[in-house]
Amino acid sequence: MTPTEDMVCCPVCDALHEMGDVPDGQRARCIRCGTVIAVGRPEAILRIVVLAVTALILMTIVVFYPFLELRNGVFDSRASVFETVMSFSEGVMAPLSVAVAIFVIVLPVSRLGLLVWALGPLSIDRNALPGAARALRWAEVLKPWAMAEIFMVGVAVALIKLADLATLSMGPAFWSFTAIVVITALKDTQMSKHSIWTALDKATMR
Amino acid sequence: MDGTRQSNNALTAREAGLVGCRHCTRVMPRGTPKCPRCGGTLESRDAHSLQRVWAWMIAGILFFIPANIYPMLITTTVGRASEQTIIGGVIELAHHGAYGVAGIVFVASILIPVGKFVAIGYLANVVRKPHGEKPKHLLHLFEFVEWIGRWSMIDVFVVAILVALVQFNIIATINPGIAAVCFALSVVFTMLSALSFDSRIIWDRIETLSDE
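Protein chains in written order, with the numbering used here: chain A, 1 to 206; chain B, 1001 to 1212.
None of these hints come from the bench; they were simulated from the model. There could be a bad hint or two in this list.
Taking lysine-lysine pairs in the DSS-like style, the calculated list, with each CA pair at most 25 angstroms apart, reads [claimed, not checked]:
#	chain 1	residue 1	chain 2	residue 2
1	A	K143	B	K1136
2	A	K143	B	K1034
3	B	K1034	A	K202
Starting from the given sequences, assemble the full structure and let the hints guide the process.
What follows is the structure, given as structure tokens:
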């Protein structure tokens, strides 16, 4: 059998499909395992890019402003996300500090950057930038390792652990970080592999 | 499309002499080394999938043991140091009446890792030989395990936040214990174990074709 442009292979179970355009608002699922393969949503790319750019802008607030503030009358302590990340930076714990930095800041920012690089030009009807395909593939590969939302749950647990010790207040960075987590989740619901890659194909060939 | 009846005897890329890209769903002739569209490596089946699943899982279990024995947090209050393990932290939270949060930490730090070891071990064992399991059920189990694994990181982040915030010199300081490193490594290794599993082999050795 010779492969054609319209042939789609389910990444989860290897079943072959012949697929044309998916009607707006419809979802195409794998006939064998039910995985969503394509989503007919022409405006999805623009939405993904807008959400990714918003999250990137909010990320600058996260880095520069205090995240949590701790007061118990005499003492005052402030921590930015950056300081939290550097908390293991002494001695044997240094590698852990690097790992936390990568999971909480570096990977979420890289994913957003890669997506904007790959899909940004498409959303304003321009030709794709060089390396767009590679950027898109890496954004997908890095997905399980970007853990900003898990960090937020960690913040909640830490707040309760410290409730007796001192008064805590949330800084501006806390709220922008919350917003980033929500925006990233929204963005990921818009993505479907086949639809995005088809769009990128068209933009590259143009 | 939605609502279409699903069957187990669909034609696969492998049977058709083709290979599908897992990154971008593109189909190419069998033997093509790299996907021309996205540059990803093409493999009809990952031959070493199960080997890597077991290797990463053993590494994960090895680090999970010290992670539970050694202290996660070392709190120094007016010169006196006290150490807290993962389970010790859960018990302390429960003592404070924060049962919900104690539950979250217990599930994330103990139940999920142990459940993952059992579930991945079961999956890797079942797909080795012809099996009569419903592939749909195996896939659901695998997708659940793959999705939930990252949430075990909660406790590591809690330690990082506490260490950064509580630095009042003589009055109270919190320092990370060695278990924090072990636990983080254990989570990373079990995530790699789950990611190494090639879900396509679930369908390769189905004994009886069920209707679902």
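We went through each hint and held it up to the structure:
| no. | hint | in the structure |
| --- | --- | --- |
| 1 | A:K143 x B:K1136 | holds (24 angstroms) |
| 2 | A:K143 x B:K1034 | holds (21 angstroms) |
| 3 | B:K1034 x A:K202 | holds (20 angstroms) |
Consistency note: the structure conflicts with none of the earlier hints.
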